[in-house]
Structure formats: C-alpha cells, structure tokens
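If you read the protein sequences in the order shown, they are chains V and H.
Heads up: the first sequence begins at 0 in numbering that gives the first Met the number 0, then just goes up one per residue.
Heads up: the second sequence begins at 0 in numbering that gives the first Met the number 0, then just goes up one per residue.
Source of the hints: derived by calculation from the structure; they are not laboratory data.
These figures come from a predicted structure and were not determined experimentally.
Virtual Cβ for every residue (Gly too), placed ideally from N, Cα, C.
Among the hints, a few may not be true.
[To be verified] Here are the simulated distance ranges between beta carbons:
1. H:Glu238 - V:Gln104: 29 to 39 Å
2. V:Ser75 - H:Pro428: 52 to 62 Å
3. V:Gly84 - H:Ala282: 31 to 41 Å
4. V:Ala100 - H:Asp85: 26 to 36 Å
5. H:Lys25 - V:Pro72: 47 to 57 Å
6. V:Ser221 - H:Ala65: 32 to 42 Å
7. H:Ala153 - V:Lys219: 41 to 51 Å
8. H:Asp139 - V:Ser75: 34 to 44 Å
Residue strings, one per chain:
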Amino acid sequence: MEHAGAKLLPFYLVVDVSFSMEGDKLRAANNILPAIVDALAENPILSDKVRFGLIDFADDAKVRLPLCDLLDPNLSLPGLAARGGTNFTAAFTTLRKEMEANVAQLKADQYLVHRPAVWFISDGEPLDAEASWRQAFGELTSLKAYPNFIPCGVDEADVKVMGSLIHPAQGTKMMALYMMEAGFDPASAITAMAEILISSMIQSGYSLADGNTGMILPPKSSLPAGIKQYDADDFV
Amino acid sequence: MSGNLYLLIDLAEGPNRAAAAEDITKAFAPDIGELGWHSHTLGLYQSIPAAPGPGRSYGDAFRRFANNMRCDRAERPLLMVVTDTDPGGDWQAECEVLTASHPTVDIRVVDHRDDPAGLFRAIAADRPWEGSFTPYSVGDPGNAARKVRAVPDAAEWDRRDTVLDGVEIQGANRQALLHVRAASVRGLGHRYAGTVRQDDYAFRRTPSGRFLVAAVADGVSNSELSHKAASLITRQGCELLAGMLDTTPADRLDWPGLIEELSRRICIVAQPFMDVPDGAAVAYREVAATMAATALFGVVDLQPVDGGLPAHVFAIGDSPAWVLRDGRVWKSLHDIKNSGDGPASSITRALPGRRRDEVPQEALLRPGDVLVLMSDGIADPLQDGSGPVGRFLAESWRTPPAPLAFAGQVDFARRSHDDDRTAVAIWVP
Numbered sequence: 000m001e002h003a004g005a006k007l008l009p010f011y012l013v014v015d016v017s018f019s020m021e022g023d024k025l026r027a028a029n030n031i032l033p034a035i036v037d038a039l040a041e042n043p044i045l046s047d048k049v050r051f052g053l054i055d056f057a058d059d060a061k062v063r064l065p066l067c068d069l070l071d072p073n074l075s076l077p078g079l080a081a082r083g084g085t086n087f088t089a090a091f092t093t094l095r096k097e098m099e100a101n102v103a104q105l106k107a108d109q110y111l112v113h114r115p116a117v118w119f120i121s122d123g124e125p126l127d128a129e130a131s132w133r134q135a136f137g138e139l140t141s142l143k144a145y146p147n148f149i150p151c152g153v154d155e156a157d158v159k160v161m162g163s164l165i166h167p168a169q170g171t172k173m174m175a176l177y178m179m180e181a182g183f184d185p186a187s188a189i190t191a192m193a194e195i196l197i198s199s200m201i202q203s204g205y206s207l208a209d210g211n212t213g214m215i216l217p218p219k220s221s222l223p224a225g226i227k228q229y230d231a232d233d234f235v
Numbered sequence: 000m001s002g003n004l005y006l007l008i009d010l011a012e013g014p015n016r017a018a019a020a021e022d023i024t025k026a027f028a029p030d031i032g033e034l035g036w037h038s039h040t041l042g043l044y045q046s047i048p049a050a051p052g053p054g055r056s057y058g059d060a061f062r063r064f065a066n067n068m069r070c071d072r073a074e075r076p077l078l079m080v081v082t083d084t085d086p087g088g089d090w091q092a093e094c095e096v097l098t099a100s101h102p103t104v105d106i107r108v109v110d111h112r113d114d115p116a117g118l119f120r121a122i123a124a125d126r127p128w129e130g131s132f133t134p135y136s137v138g139d140p141g142n143a144a145r146k147v148r149a150v151p152d153a154a155e156w157d158r159r160d161t162v163l164d165g166v167e168i169q170g171a172n173r174q175a176l177l178h179v180r181a182a183s184v185r186g187l188g189h190r191y192a193g194t195v196r197q198d199d200y201a202f203r204r205t206p207s208g209r210f211l212v213a214a215v216a217d218g219v220s221n222s223e224l225s226h227k228a229a230s231l232i233t234r235q236g237c238e239l240l241a242g243m244l245d246t247t248p249a250d251r252l253d254w255p256g257l258i259e260e261l262s263r264r265i266c267i268v269a270q271p272f273m274d275v276p277d278g279a280a281v282a283y284r285e286v287a288a289t290m291a292a293t294a295l296f297g298v299v300d301l302q303p304v305d306g307g308l309p310a311h312v313f314a315i316g317d318s319p320a321w322v323l324r325d326g327r328v329w330k331s332l333h334d335i336k337n338s339g340d341g342p343a344s345s346i347t348r349a350l351p352g353r354r355r356d357e358v359p360q361e362a363l364l365r366p367g368d369v370l371v372l373m374s375d376g377i378a379d380p381l382q383d384g385s386g387p388v389g390r391f392l393a394e395s396w397r398t399p400p401a402p403l404a405f406a407g408q409v410d411f412a413r414r415s416h417d418d419d420r421t422a423v424a425i426w427v428p
C-alpha cells in the first residue's frame, strides 16, 4: 500500500545501437536522457509522475536502465555503445517482457499505472525475418496494457517499415511516426526527436495531472526542422 | 515555544573538545525536553561524528547540516555553532552559501565556555510565543511539494486558494450534537500552473434545526469554468436540500429532481460564457465543455435512532463519502474506483447530467463515528483506507483537530498526488 493511488506514466526509450549508429548519431542518442533529466528538473509536478526506462538493441536487446525516476540522486545514466546488426524481434520481445514485468510490479505496489509510451529510434532496416518481428510486434501490441508506440526513423530507416509500427494506428488516440527529412543530418534529427519526446512528455504529464489519460503528441506545426510527421493512414 | 535546534560543535584539533561536546549536549538536554525543541547534533570536523578530527571545514559541516535540513520544514530552525576559535577560513563564504539555500535559518555562534545552553535558554525565552507549523506529509512528499510555489490565477483572482471551517452544531442546551471541520485546498498542480481550485464544499443546518446538509463538488479539469459549477452545486445544492427536507423525509428525497434542477441552473450560469444566442436551448454535453463538476451530498439527521444518527448520502461522479469508525477503520459508502486491472482511467460522471443508476446510500452514525465527504484528491491516495494515508488521517481525525490543523492535514504532501483536495468531516460526539 506504500504507493496506493499514485499516478505513474511510464516511458520507454528504445534505441538502435547497431554499428551503423556509431559516431555522431550515438552521441546524439546518449544526450537524450540528460536532456530529459533537465526537463524533469524544471517541471516538479511532472517529475513525480514520470518513470523512464532505456533499452538498446542490435543483434540482441538489453535493458540499459530499468524503469526509474530519472531525478533519483543515486542514479547514474548508462552510456550507449554500438554493437552488431539490427534485430527488431529482439527489441520488441525484450521490451514486451520488461514492460509486462514493470507494469505488474508497479500495479502490485498499488500505483495507478497509465498506458506506457515507447519511443523507438532506428536508423536502418531490420535484418531479421519480417514474419518474426511482425509477430513479436503483434505480441507487444496485443497486451492489455499495450504501449503507445511512437517510431522515429533516421538515416536509412524505411518509412514504410517504420510507419507500420505506429500504434494505435487509428482512433482518437492514434500515435504517429517521426521521420528525418531526406538529406538532413541524422544526429541533428535524433536531437530533434528528443525535443519532440520531451514536449510530448510535458504535455501528456500535465494532462495526466489534470485528470486526463492519453498520450499527447505536439502539433505538426511545432515540429523542429528536419523532421516530418506521418500518420498511419498516410500509408494505405 | 518549540522548533528545531541544530548544534554544530567544533571538534577539530585536540581530544579535550570531544569531552566538551558531550558536556555541551548534556547541558542542553533538559532544556530541549522542557521547551519542546528537537535537537540534532553535528560535529564541525572533516569526517565522522563523535570523535575529534583534524581539520575544520564549515563547508563540510554546513553540507551535512543542509542534508539534515532537507526534511526539516519547520519555520525557523536554530543553528548554534559552538566553537572557541574565531570562525575564520571558509566561514564567511560558506555562511553565504547556506543562507542563500536556507534563508530562514537562524545562525548563532557561541564559545563553549560562555554557557551555550544558557544562551539557548535566553533565545527561547526571547521568543515568548508557542506553537509551530510543519507541513504534513505522508511518505515521500515528492519533488512538487518541495519545489512548487503557488501562483495566483490572473483572471479568476477572487477564487481563494484555501477555504476552511470549524464549527460545532449544538442542541437546545448548547450541548454538542456534531463537530464539523471542512477544508478545500488548491492542489499543487493548480498552484504551479496558476489556475484556480476547482473543488468546493458547503454545509448548513436546515431552518428547523433537524438536519445538517453538506456537499462536496469537484470541477472537471478540462472545462475552464468548472469551479463555478462546483460552487453552484455545493451552495445551491445545500439550499435546495434544506428546502426539500422541510416537507420530505430524508429517506425519500427526490435526488433525481435535485440533480436535474442543479443541472438546469448550471446551464443558465454557463450560457453567457458559451457561443450561443441568449435563451437558446443548450445540450448538457455542450455546457459540460464550459463547466462541469461532480456532486456529493450528505444529510445527517440530528434526531437519534437506535443510539445513532441516520445519514443519507448521494453522489454523481467520483467524490465519495466514507465513515471513519473508532478512529481506526475506514468504511466506504461506495465502490472504489480504478481497483480493477488494465491501465488507469480518469472517466467520471458529472453535472450537468441526469441520474443513471446512482442510488442514495444510508448509514447509521454511532458516537465516535466521523462521516467524511471528500473529493478524489483525498480519495485517490486514501484508496481502501488501510494504507499510510488512511492511517495518517485516521490518527489525525480521531477527534476533531483545530480547524487550521485540519486544513493542513487535508493539504498533506505525498509524491504524485497534486490534485485539489476537499473534505467535510462530521464527528458524532
């Protein structure tokens, strides 16, 4: 009963760390969590409700930061390093297991857990079989506490593949895909996506504090340069 | 008077100081107990307490002090620095750092040969007033409670941040029939955003004196003027109920009729703020986008039945009524929300609206019982009453607290709970 009734909004950042991410892109990705910490420090109402987890993936997927309070003074943020290829199945499966375990634990601790948000950053196409990662994604999105899944594609990421990961893809609470515009600098695009994530986190968090549920994405008009937003129905 | 005393004792260089430190703290002990002060002893040295150390660092000592202070929200803590050496070195700079981060700290320097305990007595005697206020918190108060400073709402400036009451309902010989404490407190979220408190309450005795009626309403966040709906529901709701009780027995009140009349009145109040022609019919749904609020009513019959007082409760939406029994057990008069599985939901019913399947609840209040009408700002952290918030409120409300203390308890800090809070508590003596 220690946390009875406390509202919680879990966020997962899932980052591709295949070898193609090495260099500026990975440096930009490593700056995401510190930027989120800064944003939370400036928004005390929000910081009491938001939890963050970090998973990276290449040939395999690893939980680099279990779901936590980013303002915990005892926390040290992990650094991401490149390894291997791009395996979506590993990413989705690890994410699902981690999310299921976290949500079950938080609910056992009596938190009021809101629907998790997943920000998924990749710079390339998956190397594993499409049937395999589609199935893993299907298992993730058919959970009762399925996540709001927001794919973010940079560099060589395929817009159709990434677009098919938007979840929910329809209805009043549909999510979106953020893609780097062709020719834009991929590292800057990752930084811009972090800005979108933070803006969404702040708006969703305050909306939650106001008694609403649901993930809010920033309006298209406020997107940073170099990023294009797609909705799921852009791909029919 | 009372407060928090921090003793910072110089233990640098030389074993004699350790013994001196012990004497000093001993010398304080009886005074601290008598005067109601809490004390904390810190050493002025570089590492571990209770043993003399080599160097003397005010920086280290103040950081340890500040660390102790983190949870100390008393108004004016006293820091006595006991040293026989002129505080040179880093003293000046570190003092500035400390007072910048903890501006209310009263810092006094005293030589241990100059009777520090005597100086402390003098300081205490020089403050010939009693009482202190430490904000209430349950568990981790959270970042918001530590950091948020309340901002007023520029447009709705005449809406108060906090309102409270403490009254006794008396019988013919001025004997107490009921004790009432009520408070409505703006949540940290609204204080931070500079928007108004959307909760409200009201209570009144009926003209015949037979009943006490009380109401709590929680304005729906999404609609900007919901606080107006909450005020209307509570005040006019109590008026209407008092009128109805003139002619109708309490167990046969026309609750759907009350809800309909209040909804009609909300529509009238909302219309000038809506983009519709005067006198045009507006749907409840459209009005609710401008203002809407939950409604909870309680009626306590002051004429005893079977050694208790009959209470009648009716609610639309998620503001619940509870009974605190024996100062220990919380009993809900409704279902508890969000107790199922699946992700949390925030959907609640509100006025303007019509009664659907809501039915009035009845309870017989026994001596010692407390009927508490509350908004979800309290009900959410209270959960089923068995957790820390339930125990905190049960202990605090075993007997009627001072009205200002009651408001402070309603305003308890707890991580992630930043909603407006309202409670009307009715004790049966």
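Hint by hint, here is what the structure shows:
no.: 1; hint: H:Glu238 - V:Gln104: 29 to 39 Å; verdict: 49 Å, violated
no.: 2; hint: V:Ser75 - H:Pro428: 52 to 62 Å; verdict: 57 Å, holds
no.: 3; hint: V:Gly84 - H:Ala282: 31 to 41 Å; verdict: 58 Å, violated
no.: 4; hint: V:Ala100 - H:Asp85: 26 to 36 Å; verdict: 60 Å, violated
no.: 5; hint: H:Lys25 - V:Pro72: 47 to 57 Å; verdict: 35 Å, violated
no.: 6; hint: V:Ser221 - H:Ala65: 32 to 42 Å; verdict: 40 Å, holds
no.: 7; hint: H:Ala153 - V:Lys219: 41 to 51 Å; verdict: 30 Å, violated
no.: 8; hint: H:Asp139 - V:Ser75: 34 to 44 Å; verdict: 21 Å, violated
Of the numbered hints given earlier, the model fails hints 1, 3, 4, 5, 7 and 8; all others are met.
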